[in-house]
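Colleague: Assemble the whole structure, with the sequences as input and the hints as a guide.
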Amino acid sequence: MKRTLGVCYYPEHWPEDMWAADAAKMVETGLSWVRIGEFAWSRYEPEPGRFDWDWLDRAIETLGNAGLKVILGTPTATPPRWMVDKHPDMFPVDQNGQARGFGSRRHYCFSHDGYREESRRITEIMAKRYGKNPHVAAWQTDNEYDCHDTAISWSDHARTAFQDWCAQRYQSPDALNRAWGNVFWSMEYRSFDEIELPNQTVCEPNPSHLLAFRRFTSDQVVRFNRVQCDVIRKYSNAPIIHNFMGRITAFDHFDCGADLDISSWDSYPMGFLLDRVNASDEDKARYLRQGDPDFQAFHHDLYRATSAGRWWIMEQQPGPVNWAPWNPAPLPGMPRLWAWEAFAHGAETVCYFRWRQAPFAQEQMHAGLMLPDDTDAPCRAEAAQVAQELAEAPTVGTAQAPVALVFDYDSAYAWESQPQGCDFDYFQLVFDAYKALRRAGLSVDVVPKTVDPTQYKLTLAPGLLTVPDTLAQGRVILGPRAGLKTEDMTIPEDLGPDVVGLKTRTTFVESLPPFAPMAVAGGGAFVKWRENLDGDDAVILCLENSAPAMVAAGTTFYLGGWPDADLWDRIVADQAQAIGLDTTKLPDGLRIRDTDTHRFWFNYAPDSVTHDGRTLPPAGVLWEKRT
Amino acid sequence: MKRTLGVCYYPEHWPEDMWAADAAKMVETGLSWVRIGEFAWSRYEPEPGRFDWDWLDRAIETLGNAGLKVILGTPTATPPRWMVDKHPDMFPVDQNGQARGFGSRRHYCFSHDGYREESRRITEIMAKRYGKNPHVAAWQTDNEYDCHDTAISWSDHARTAFQDWCAQRYQSPDALNRAWGNVFWSMEYRSFDEIELPNQTVCEPNPSHLLAFRRFTSDQVVRFNRVQCDVIRKYSNAPIIHNFMGRITAFDHFDCGADLDISSWDSYPMGFLLDRVNASDEDKARYLRQGDPDFQAFHHDLYRATSAGRWWIMEQQPGPVNWAPWNPAPLPGMPRLWAWEAFAHGAETVCYFRWRQAPFAQEQMHAGLMLPDDTDAPCRAEAAQVAQELAEAPTVGTAQAPVALVFDYDSAYAWESQPQGCDFDYFQLVFDAYKALRRAGLSVDVVPKTVDPTQYKLTLAPGLLTVPDTLAQGRVILGPRAGLKTEDMTIPEDLGPDVVGLKTRTTFVESLPPFAPMAVAGGGAFVKWRENLDGDDAVILCLENSAPAMVAAGTTFYLGGWPDADLWDRIVADQAQAIGLDTTKLPDGLRIRDTDTHRFWFNYAPDSVTHDGRTLPPAGVLWEKRT
Amino acid sequence: MKRTLGVCYYPEHWPEDMWAADAAKMVETGLSWVRIGEFAWSRYEPEPGRFDWDWLDRAIETLGNAGLKVILGTPTATPPRWMVDKHPDMFPVDQNGQARGFGSRRHYCFSHDGYREESRRITEIMAKRYGKNPHVAAWQTDNEYDCHDTAISWSDHARTAFQDWCAQRYQSPDALNRAWGNVFWSMEYRSFDEIELPNQTVCEPNPSHLLAFRRFTSDQVVRFNRVQCDVIRKYSNAPIIHNFMGRITAFDHFDCGADLDISSWDSYPMGFLLDRVNASDEDKARYLRQGDPDFQAFHHDLYRATSAGRWWIMEQQPGPVNWAPWNPAPLPGMPRLWAWEAFAHGAETVCYFRWRQAPFAQEQMHAGLMLPDDTDAPCRAEAAQVAQELAEAPTVGTAQAPVALVFDYDSAYAWESQPQGCDFDYFQLVFDAYKALRRAGLSVDVVPKTVDPTQYKLTLAPGLLTVPDTLAQGRVILGPRAGLKTEDMTIPEDLGPDVVGLKTRTTFVESLPPFAPMAVAGGGAFVKWRENLDGDDAVILCLENSAPAMVAAGTTFYLGGWPDADLWDRIVADQAQAIGLDTTKLPDGLRIRDTDTHRFWFNYAPDSVTHDGRTLPPAGVLWEKRT
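Chain order of the listed sequences is U, P and W.
Under my numbering, the first residue of the first sequence carries the number 1, and numbering increases by one thereafter.
Under my numbering, the first residue of the second sequence carries the number 1, and numbering increases by one thereafter.
Under my numbering, the first residue of the third sequence carries the number 1, and numbering increases by one thereafter.
Incorrect hints may have been included.
Ranges between beta-carbon positions, derived for each pair [said to hold, decoys possible]:
id : chain 1 : residue 1 : chain 2 : residue 2 : range
1  : W       : Asp374    : P       : Lys503    : 55 to 61 Å
2  : P       : Arg121    : W       : Asp374    : 33 to 39 Å
3  : W       : Asn96     : U       : Gly309    : 33 to 39 Å
Mimicking EDC-like on lysine to aspartate or glutamate, the simulated pairs with C-alpha atoms at most 20 Å apart in a straight line are [stated by the list, open to error]:
id : chain 1 : residue 1 : chain 2 : residue 2
4  : U       : Lys86     : W       : Glu544
5  : U       : Lys128    : U       : Asp193
6  : U       : Lys503    : P       : Asp376
7  : W       : Lys503    : U       : Asp373
8  : U       : Lys234    : U       : Asp259
9  : P       : Lys503    : W       : Asp373
10 : P       : Lys503    : W       : Asp376
11 : P       : Lys234    : P       : Asp261
12 : P       : Lys69     : P       : Glu28
13 : U       : Lys284    : U       : Asp607
14 : W       : Lys86     : W       : Glu47
15 : P       : Lys435    : P       : Asp283
16 : W       : Lys585    : W       : Asp574
17 : W       : Lys86     : P       : Asp423
18 : U       : Lys503    : P       : Asp374
19 : P       : Lys86     : U       : Asp193
20 : P       : Lys86     : U       : Glu196
21 : W       : Lys503    : U       : Glu12
22 : U       : Lys435    : U       : Asp230
23 : U       : Lys69     : U       : Glu12
24 : U       : Lys86     : W       : Asp193
25 : P       : Lys25     : P       : Glu389
26 : W       : Lys284    : P       : Glu124
27 : P       : Lys284    : U       : Asp374
28 : P       : Lys86     : U       : Asp564
29 : U       : Lys503    : P       : Asp373
With the C-beta cut set under 8 Å, the calculated list includes, among others, these residues of chain P facing chain U [to be verified]:
id : residue
30 : Ser42
31 : Thr78
32 : Pro80
33 : Asn327
34 : Ala358
35 : Gln362
36 : Cys422
In case anyone wonders, no lab produced these hints; they're calculated from the structure.
Just so it is clear, CB atoms sit at the ideal spot from N, CA and C, and this is done for glycine as well.
Modeller: Dropping the structure here:
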């Protein structure tokens, strides 16, 4: 597989006489791809129905003639000002019922039929015009679905569409009432049009109601994206991509990715560390200029799965950004490391965001490869280095990892609908497992719960709302909170866990405050969550109070709580020993990724790290042929 | 007095063929009472005016025939969906002016005349039908007034009703303007219909305005409840009960209780600990599975007073609940302890909530005596044990306690209207005094400020907005902040404290941040609040800076600040010594309650505790004949 | 210059038969001025167009006859209830779009034309009636502009006015689009009436948009005030004053002050310490009863500049107040110290707020010189002592300070529009510099950025949005974040800092979390902010990682970060040594202020402090002839 670099570029921000020089310099830097156009609707269609494509024609021509392949974005994340006059009710509505207006981006509700048609219309016009353009080698749909929490909208349009969704799913109000248990608190509906959105209730809404609304929301995002994909494919054979984000559980990226040819994501390791990673201040200080050592890899492994293996980085952080609580600069070498880490995890292409820092508007403090005065920013040299290294590096392929880790958006909706403990967070639960596997030096495939677990030596699947029977066919660690609910968010008749082969019932659960962990005999503890396991399965681990902590039936293991890091390390080590998996104990900040032929090492630590005879400087990258 | 157990049950949640077996098992468990019906309006009246009572008839018959006495609830806390179409403006409105909608419960505004009539209508229909039913042995009105902060509503209906309330109280706008001091900031009204509710002002509203609105709110709750009581009494002789909650100061429970035959309350010791008790993390960890050692007893003593001595627990926590920030399971033995503690404080009946955990909707994670799969939950055995013990235990009666502690809802409204220090909380002030009395092994009567203090050896009455002259006839500790205001929340002409016999003026007050307590000479400190006492009364305690901290005229004591725990312990010990009260110093977690003939000990500590020759295990209960 | 004392008084709050005695006692206390009338509109005009001036005539007569000079306030901060019926849309609107209603004060939007006319009307009527009254010796316009965050209003009136403001500034939508970079995210406007206010956007609005709105808001406040000044001057020769507040950056006090004869401000040292000063809990405990040692002085020096040197304290805290999170009482002596400190900084008059504590309404817990029962509050004796001392003290004049410190409201708007790090606060940046100068014993002139720096030995100007060329003519310390933007909040073509003479470019910036300061070689550190300085200027300070921290071209110094206290102390000491400024290292809490002839010492510490042979008790004030 040929691995390539690219960059995001906004010709509409710069005088036309700079374009050719920019393109030449991109090529000189070693870039192959350039993404354009995704925010330029006001320049494509300055007034309703009046179009101006000439400048875009020339921009594509200039970039293409320089040897660059163009990713052309549909501009639907930024409808122009006239659009909101045409559709005054198109705005997303927040949980308090307040419309979110014009003046930034993503000011549309996924359930607004009129805007979905506008989105299809502009996409079709672009696909017709550029579908066969030889320079347009890929498409991007919209931009960062759910950015700024825009997937969930509490609008009147959403309510009507949700009523339809419920009618299709449940067929009759009685069936819905039974499925949700609406007899409770006299919440029964006589018709689907009585259903309100589950915000603004006096106290918490029915979790079945919330879960249904979350599934509906995901379906609306997927539908919106599919409309664009379908119309592009009518006119173009170029692959279709969308750029996902980090730690987003508002819609099902597997469902959305199924309509794409390539999944991509926007990777901002330093912004994420301060904004989205649950780390101590000490760790935030340590990794301030590098990012969390596992957060990027996790999403690489996740989005490798969402479109059947093909994935990119569409936006790679090049320097300080503008949107995190604080915005420091990367440790020199990290933009190179981040790119190599993506390639080691199977990325086809890594695009830096953006070519040149814009001197105006919301992102003027967001670095690029070039400074606003057209001199080099620090990252440009690192990008050039990666390009040169790519040319000389061995070609590697993605190997299936020995271990699979299930990520299931439906479970995220479920536990966000009913956390039961205020800090129960499904993403964190899965990510904690991922970190433990990585500390042991393991490469991981993140997979949907429909995975065939017999393809892996070990599958971890914490926190699954419902457990497919197929999972129990492999060696799998389930729990906590696995199969304790039905599809409709009620307790199963036999209490659960509903897992084939297990003879254990969870008779009650406890959520635990941070100051009250429950120690596990032999080391480690349960935090946040613990289940009372009752039954005849083999007891693998016990709490210090002798209650079962982990049970097993054959190779199906069930964890009755949320392990802390020490307990995860024990569990991973025990399993590895049992099945002969080769693990190690990596120093803090050092990480490994295995490809088919080579092993890669990455040093996220701010200091040099030595392990197993190899020393890596800060931001160091190393690869060796696998033995 | 015969003490009994009961349980809350929802026949509408279960197949009818389970009812008889459920009833038999309740009886087998030793339960006498079963509360039903309070959330089933959508099953009573599925459409406006169309009723279905057959199932309820059969449910009552089945339960009654098994030997159970039924408490029948009016369903007005959960109006069905059609009701909100009929009265689209019936919702309570939050402080920001936003209506709180359908989809959970308590979605009505106490000031909505139309809904109050609906409430009377359904109550009358039920009272007519079941008023003479031999199995219906008690009534419950509505459910948990003010749950989810629903007593205060900022609706248009509330505004109009408040204008009427003001007109009745003040008779003329001029009188109101004078009483509230509306000349200040040109806030004068020319007519009552100019009065707005005191939300959404630019800065804080006039505290007199706020206090009046709080009193009005309480009157609205009382009136709503009274309508139901009056109509039930037309058709039934069974006692009328309402289930109050813990730490609720939104309405006057003495006023409301005066219309009831029996006060009851819903006791969730563990949920309260994490959600409503002001404790350190260390104490929360220590009492995580037991609850605060004084919180339950305080409310037992309080609600014993609100309906002239008759009181119940209507809902007793049986296991983990669903609504606290975290929801652990009780220490084994605690559900037994909690019941015995209630009986020791004079409860007639303790009902566990609920019979069987519901597998659906909002409370699916709320434990019951039975699991959703109809097997026993841990609490069932404890309930059965209590039932058996009750049969064998001596009959005891409630003795008047030696010490009275005044709780005054009007003072809570006042200081919530004008805290002056951001952490000044009337409930906490009274509760701190209660804890000190309990640490000294004393039994306490919580009383209204209309109490005759000569009936008690000592009366504590901290934080009274206004002080009745009668209080000074006994031995009483007043202050801080006692009699420093008029009825209308202005400063008295002579500054106050307006207390008969005292010759002290409070010339200024100070609220104190947590990092700046003021030490009292000899030990302890004032926290949060301190008054500058000026006058000729005897100085009992001084600050380390020599200013008076506590003064006295005869047996009227005035505290010029908020004592910390050490200072409260000193004060209680000094008073006890002066009047020959028998006190002790109980170990942390051990508590005592005296009945007429027996002394009870309760161990809330997670470990065994020895005191005075007696050792109690964790969750231990002990009683001995008083000597 | 004759220095005088005064007091704020509300004759409308008290029976008329008290007025004469009050006036006599004011004179006896040594007071010369009495401010009245600013909240009494409902008594001037009880109904629209019906006036009652008799009582005010008599009040002025009574006070004047006693020998007091009256400051008469326009009552426009408290429009009466009938006004909001006349103009139902006059309310200020909060950022969420919610109108802020009647029931307290300042319930008007500065952009409401109808209310501005009402304000002009009542002012003209008062100016006509009292403009030549011999007792009316000064005017106050309105009261505390922006109190309760009322300067910024997001109303429809504000939007329309803002569109006009934009049209006047930019002349064409295209010019505005270019200036703000609205091509970004397709935010281009086709006409000015498409412009919305920058609230309720999906994510952050364009910082150029926000900055423009902040400038517009300031202009609206200035215009509102100017209307009153203009109409008063038509009828009166008495000086016009407005009472500013502490730490307010919502409007440009230099612009507003230019329309006044005298700037004044309302000084509440203890409330400010707990509410507005960024201090540790340790420092808050230490200065709890004194206030921050620099906060008052800073505002004295600031408001001395806003009306060309003439300034007052219009409201001086006399004791506990009602509005801070906690409200303790002052250390005895502090009300005297605060007054003397104001005089040392050049105040003409210090008015205590208020004469007698009101027993009712919002400020009933706000101390005065008299208690509500008409006995002395502690502060009255201190006021009398100051009056007596004033009579005996030497007459001093304001000397120009050796050091200037630039305060620029426009920069405050800019960095509030784009902080880039969540704790970047322009006021704090300037105040940190001020504190360092004060710790070194220096007297300071706070000046606008139009200052002639050659008049000062040293000028500090941290954080200027844009840097006037004139500043570089003196010895000046600029940065961080100086000249890094254009007037319209975009990055300059050459990146900046745009400072005449400097050959440095800031190639990137970093905002830093509290747990990640960057150490400066030799001591101290950068916190919150750091710039990468690239260029040929002389390097004065380096980071420990060798990057330049401070550079200089001649006497123009540029700081590439936010210095912590240690680094500021080093910089001040180095500069002082370089230019022969006499500095010292004052003990914590001791402060110095130099007048033309005398040096004053003030002890804010809670203990006695000795320095340079002089010992001051707590709250001590000392002055000596300068040598």
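Colleague: Decide, hint by hint, whether the structure agrees.
Modeller: The hints, checked one at a time:
1. Asp374(W) - Lys503(P): 55 to 61 Å: With a Cβ separation near 18 Å, Asp374(W) and Lys503(P) fall outside 55 to 61 Å, so the hint is violated.
2. Arg121(P) - Asp374(W): 33 to 39 Å: About 58 Å separates the Cβ atoms of Arg121(P) and Asp374(W), which means 33 to 39 Å is violated.
3. Asn96(W) - Gly309(U): 33 to 39 Å: Once the Cβ atoms are compared, 46 Å apart, the range 33 to 39 Å for Gly309(U) and Asn96(W) is violated.
4. Lys86(U) - Glu544(W): At roughly 58 Å apart (the allowed maximum being 20 Å), Glu544(W) and Lys86(U) break the hint.
5. Lys128(U) - Asp193(U): violated, 40 Å
6. Lys503(U) - Asp376(P): holds, 18 Å
7. Lys503(W) - Asp373(U): Cα-Cα ~15 Å, so holds.
8. Lys234(U) - Asp259(U): It holds: about 14 Å lies between the C-alpha atoms, which stays within 20 Å.
9. Lys503(P) - Asp373(W): Holds, because 15 Å separates the two Cα atoms, which is no more than 20 Å.
10. Lys503(P) - Asp376(W): holds, 18 Å
11. Lys234(P) - Asp261(P): holds, 15 Å
12. Lys69(P) - Glu28(P): holds, 14 Å
13. Lys284(U) - Asp607(U): Within the cut-off at roughly 15 Å; holds.
14. Lys86(W) - Glu47(W): Holds. Lys86(W) to Glu47(W) sits at ~11 Å (cutoff 20 Å).
15. Lys435(P) - Asp283(P): holds, 14 Å
16. Lys585(W) - Asp574(W): Distance ~13 Å between Lys585(W) and Asp574(W) Cα, so the pair holds.
17. Lys86(W) - Asp423(P): violated, 40 Å
18. Lys503(U) - Asp374(P): OK: Lys503(U) and Asp374(P) at ~17 Å, within 20 Å.
19. Lys86(P) - Asp193(U): holds, 15 Å
20. Lys86(P) - Glu196(U): The hint holds at about 16 Å.
21. Lys503(W) - Glu12(U): violated, 31 Å
22. Lys435(U) - Asp230(U): violated, 38 Å
23. Lys69(U) - Glu12(U): OK: Lys69(U) and Glu12(U) at ~18 Å, within 20 Å.
24. Lys86(U) - Asp193(W): holds, 15 Å
25. Lys25(P) - Glu389(P): holds, 18 Å
26. Lys284(W) - Glu124(P): violated, 61 Å
27. Lys284(P) - Asp374(U): Distance of about 59 Å is beyond 20 Å: violated.
28. Lys86(P) - Asp564(U): Not OK: Lys86(P) and Asp564(U) at ~53 Å, beyond 20 Å, violated.
29. Lys503(U) - Asp373(P): The hint holds at about 15 Å.
30. Ser42: Check passed: Cβ of Ser42(P) comes within 4 Å of chain U, closer than 8 Å.
31. Thr78: Constraint on Thr78(P) satisfied, holds at 4 Å.
32. Pro80: Holds, because the Cβ-Cβ distance from Pro80(P) to chain U comes to roughly 5 Å (cut-off 8 Å).
33. Asn327: holds, 5 Å
34. Ala358: holds, 6 Å
35. Gln362: holds, 6 Å
36. Cys422: violated, 24 Å
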